[in-house]
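Just so you know, the sequences run in chain order A and B.
In terms of my numbering, the first sequence opens at residue 1 and continues consecutively.
In terms of my numbering, the second sequence opens at residue 188 and continues consecutively.
Honestly, I wouldn't trust all of these hints.
[Unchecked claim] Here are the simulated distance ranges between beta carbons:
#1 337/B with 125/A: 18 to 26 Å
#2 365/B with 136/A: 34 to 42 Å
#3 13/A with 365/B: 29 to 37 Å
[Claimed, not checked] Distance condition first, Cα-Cα at most 30 Å in a straight line; then the derived BS3-like pairs of lysine-lysine:
#4 390/B with 119/A
#5 390/B with 130/A
#6 119/A with 130/A
By construction, these hints were calculated from the structure, which means they are not laboratory data.
Cβ coordinates follow ideal geometry from the N, Cα and C atoms, glycine included.
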Amino acid sequence: MNDLSIVILLALALSGALLWLLIPKRKASRADASSLHSDLNEALPTARHYAYFRQIRQALSAADSEYLVHNAPPHVAQQALRERRAVARRFLMGLHEDFSNLARLGRIIAALSPEVSHKQETERFILGLKFQILYALVWLRLSTGNLPLEQLEHLTGLVGRLAMRLDTAMTEISALSAGRLPGRLGA
Amino acid sequence: MRSLAIAELCRFGLRDYRGIWALVWRVLTALSVLLLARAASDAWGQPNRVAIYGTTLDRDLALASIVVLAVLLLIRNYYGLALEPLQRAIAIGICFICAVDVIGNTIKRELYTGYLFGWFLTSQKSLWPILRPQIMRVNDFWSTVHLVSFMFSMGIWCYALRKPLPAPSESPVLLPANVYREMSPAINMRLATFNDRLVELLKP
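Okay, chain A solo, but in the shape it has when bound (with noise of 0.2 Å):
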């Protein structure tokens, strides 16, 4: 390929991008200015997956597993197995949510700070492309059957109390912020 091609390629790539972030994603907009034009805790829902956190327990439990590899007829155990894994990847997905709700969370607070640290920003960036790279991977390995479904156990526990953290600085923050709150962020 030549330099002729190069160029336009990336010239079309860079517009279409361009072009692609100039459309207004009418369902993020509105979500942006709802958190920031009513209640912080309603329009940020930092945990709402974590609400299934017992049941998602129960489920994912290396002693039902068990149970139904013993009790259950073969294609059954499988079939039931299969659809554990589907749910655990539904819970992943919700999780994913929850991460990016928090992260969002912290972008809100920044662009409403009068000062911000380049260090933490920085952080926070790279934090958010490594949950990407690693939430990736946990879904393809929860997907591939390579990855036993009581290890998310782990990973529930720490949203819980992460969801319990987070409602407390909610609340402070909305105490904070309340009749302070900039009218057009995200219109």
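Chain A is fixed; fit chain B onto it per the hints.
Quick look at chain B alone, frame taken from chain A:
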């Protein structure tokens, strides 16, 4: 003018968010300086002919404009600060002109440094009468394309400006500085712990 418009687009709406503006202007300035230096060095490396030098510089500056705009929009999207419709239309117009400039100047430069290079060499004077109409055709064609793209962008801007401009919105009232100082490290620590657990999950 284009650079000024892009600078104003960068400043618009972000300067009210003092914290991230202080961060963003440094990032964008560093990026612009880097891209300008790259454009200058690229043009410097060209054969010593004003037309080729100018075409290369034009192309690289247009490319730099697209990159700066893209980075600006990425940052704005990252922080959830979308552009308003008018500014968005201005950005689309600039992006279109720049994309056409990059493509057109690249093709023109390839012709100048390749097939039409004899036009710039006194040793090839005998070829000038043959090359002259071709050079004129290239320049005319490129001028027409450039003009049409500019008119198209102008159309986008006029359409965006068909209604009176809305009253400037109020500046946001920012949170106390200590909220960020306390919350940001805590949030990052939590995010890091989350990643650590994912790493643990992946360990054999």
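Quick rundown of the hints versus the structure:
1. Taken as a hint, the range 18 to 26 Å is violated for the pair residue 337/B and residue 125/A, whose Cβ atoms sit roughly 37 Å apart.
2. Remark: the range hint 34 to 42 Å for residue 365/B to residue 136/A is upheld by a beta-carbon distance near 36 Å.
3. A hinted range of 29 to 37 Å for the beta carbons of residue 13/A and residue 365/B is inconsistent with their spacing of about 43 Å.
4. At roughly 29 Å between alpha-carbon atoms, residue 390/B and residue 119/A fall within 30 Å of each other, so this suggested pair holds.
5. Simply put, residue 390/B and residue 130/A have alpha-carbon atoms about 16 Å apart, close enough for the 30 Å limit, and the pair holds.
6. For the hint pairing residue 119/A with residue 130/A, the CA-to-CA distance comes to about 16 Å; that is within 30 Å, so the pair holds.
When the structure is compared with the earlier hints, violations turn up for hints 1 and 3 and for no others.
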